[in-house]
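Trainee: Just so you know, the sequences run in chain order C and U.
Taking the working numbering, I'd label the letters of the first sequence as residues 180 to 487.
Taking the working numbering, I'd label the letters of the second sequence as residues 180 to 487.
Derived from the structure by calculation, the hints contain no laboratory data.
There could be a bad hint or two in this list.
Copies of the same chain are indistinguishable here, so a pair counts whether it falls within one copy or spans any two.
[To be verified] Each computed SDA-like pair below joins lysine to any residue, with the alpha-carbon atoms no more than 25 Å apart: (1) K204 with F387; (2) K471 with S227; (3) K471 with F460; (4) K357 with N411; (5) K455 with N389; (6) K448 with T472; (7) K194 with I463; (8) K256 with Q309; (9) K455 with T350; (10) K208 with E451; (11) K256 with V468; (12) K204 with K228; (13) K256 with D464; (14) K286 with N327; (15) K228 with K276; (16) K194 with D283; (17) K276 with N411; (18) K368 with M233; (19) K455 with F347.
Protein chains: 2
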Amino acid sequence: MIYTFGIDIGGTNIKIGLFEIYDFKLVEKVEISTPREHQMYSIFDEISKKIENMMHKHGFSYNDIHGVGFAIPCPVKDGYVETCPNLSWSKIDVVRKAKSFLPDHIKVVVSNDANIAAYGENYSLDTPFQNAIFYTLGTGVGGGIIVNGQIVEGRTGSGGEIGHMQVFEGTDICGCGKTGCLEQVCGTKAILNYATELSHKYSSNIDFSNLTVKSVFDAAQNDDIIGQLVLNRVAKYIALSTSILAVSLDPDIIIIGGGVARAGEILIKNIEKYFKHYARFGTIDIPFVLAKTGNDAGIIGAARYTLQ
Amino acid sequence: MIYTFGIDIGGTNIKIGLFEIYDFKLVEKVEISTPREHQMYSIFDEISKKIENMMHKHGFSYNDIHGVGFAIPCPVKDGYVETCPNLSWSKIDVVRKAKSFLPDHIKVVVSNDANIAAYGENYSLDTPFQNAIFYTLGTGVGGGIIVNGQIVEGRTGSGGEIGHMQVFEGTDICGCGKTGCLEQVCGTKAILNYATELSHKYSSNIDFSNLTVKSVFDAAQNDDIIGQLVLNRVAKYIALSTSILAVSLDPDIIIIGGGVARAGEILIKNIEKYFKHYARFGTIDIPFVLAKTGNDAGIIGAARYTLQ
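Using the sequences provided together with the hints, build the complete structure.
Mentor: Written out as structure tokens, the structure is:
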């Protein structure tokens, strides 16, 4: 059997997924806390030890490893990270670093975590597409774009920062320093703030003492006026932004993921409704689907990416 | 010597460019009227004859031809055209069609004319980039996108239709059937209409009996209030749209071409001014340049594309 690893390095945890290549089956997943000290070295030391443990446990050697893929929470360009505040990394060639503790025959690939998730989600479809756009809706709004089967890293590795597309005329300043960002209407904070704002105007069954995105969208499902207004605003701006990307890139599919997407089909249906309004030409036929891999998006995508 | 052909098929004329590969020098350019009858056959017949004429004239044979590239005025997907109203073509495999009158060793490539122009413009830079966005501003506003060195054709060959990005809240219906399109503020018609509209409010040195885009932008250069207001609006919306594409795709360069771009440096400078306002993160450093190949964009791009 041949194996490949998908490793998702986050600011808090590192997830290591061991996959059997033939049918892309997850053999084992382990999670460790991200070391806090000397992260330029300690992170790779810990990962190296874990890989050896897993090899030992499942009875295989380096010879049986095809590749190791990494998802990193910052821009990555051709395997190189200029700066990663979440990991206190700067100017680090991640591919070279990983290769220093791995035999030469092992393929090492690296990309930004949202880009990797986009890649993995696309390959988790029944038929992977050549052109896919992935949204991850959470505290932040991000994404990844696949064109001609490849991740769009762009000039500096910042490709796919779709949460900061300007989609409305606003005055509030976003974390990025600008105004009118998609994240400012579709991120978790925006959703909760808008629901609260509406609570001064409408009565609702939402429990505002324990407000969550889930409670707002559950309310929408039950015809609650505030729930529906919030859902409509999120869906409208996702649709507007996807229509802009669709007419520019003509993707095969648009995949919606992240915590906010746990709202499920009601979110997709509303996005599609607004998308029909905004979409140009034949892009109106582009399908929307919910992301499937959830919290494993990073390890699945990184492992898949070693098979490119 | 080895040669390659770049052929730009338009609704009115067909331009055929013969290039010597080694230093990519244009050897000869001929232009013929696009045949009006039986266009599925007659266009290729005419091109075939012209290629043979040029071979004869310059004393080389099919053996000396590397490739033939075509730029077509409609969506093209993997060499296939579903429908091309400008040429009365439908369901035509352009690559196969061209190969039917060419020896097997000759490489045939085809893409949409704006995509081809984007490819050619990028390769006409001192250093071609992996990621480039090209705008063509004319009666229509279109463009082409290069990602990872490749043309973005997308799902149906409609990639790069950036003139129909929705960039403002409008009520007037665009030719595409929607509202708020970039073309509605940056196309030739929009420019002339806006100048005329402003003439009811401001006095100006512009000769409105003979209004052209050039006269409006020349006036802007001379501090004419109407000229400047029109220029500012065009620059603002180009900048807004490029900022959206920039944060999504992180391109190396943005190239501005088409008739409207003959305004030259004053247009680029104004776009850059607004882009600094709209641009997110490090995309603020992305350079803007004017397109260089002008009316030869199609033949140059198509010939370059055979060398991919």
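Trainee: If a hint holds in the structure, say so; if it does not, say that too.
Mentor: Each hint, compared with the structure:
no.	hint	in the structure
1	K204 with F387	neither (42 Å within a copy, 70 Å between copies)
2	K471 with S227	neither (29 Å within a copy, 52 Å between copies)
3	K471 with F460	neither (29 Å within a copy, 30 Å between copies)
4	K357 with N411	both (24 Å within a copy, 20 Å between copies)
5	K455 with N389	neither (34 Å within a copy, 41 Å between copies)
6	K448 with T472	within (20 Å within a copy, 45 Å between copies)
7	K194 with I463	neither (38 Å within a copy, 34 Å between copies)
8	K256 with Q309	both (21 Å within a copy, 12 Å between copies)
9	K455 with T350	between (28 Å within a copy, 17 Å between copies)
10	K208 with E451	neither (35 Å within a copy, 48 Å between copies)
11	K256 with V468	between (28 Å within a copy, 24 Å between copies)
12	K204 with K228	within (22 Å within a copy, 58 Å between copies)
13	K256 with D464	between (33 Å within a copy, 16 Å between copies)
14	K286 with N327	both (21 Å within a copy, 20 Å between copies)
15	K228 with K276	within (15 Å within a copy, 59 Å between copies)
16	K194 with D283	within (23 Å within a copy, 52 Å between copies)
17	K276 with N411	neither (46 Å within a copy, 49 Å between copies)
18	K368 with M233	neither (39 Å within a copy, 66 Å between copies)
19	K455 with F347	both (19 Å within a copy, 18 Å between copies)
Of the numbered hints listed earlier, those contradicted by the structure are 1, 2, 3, 5, 7, 10, 17 and 18.
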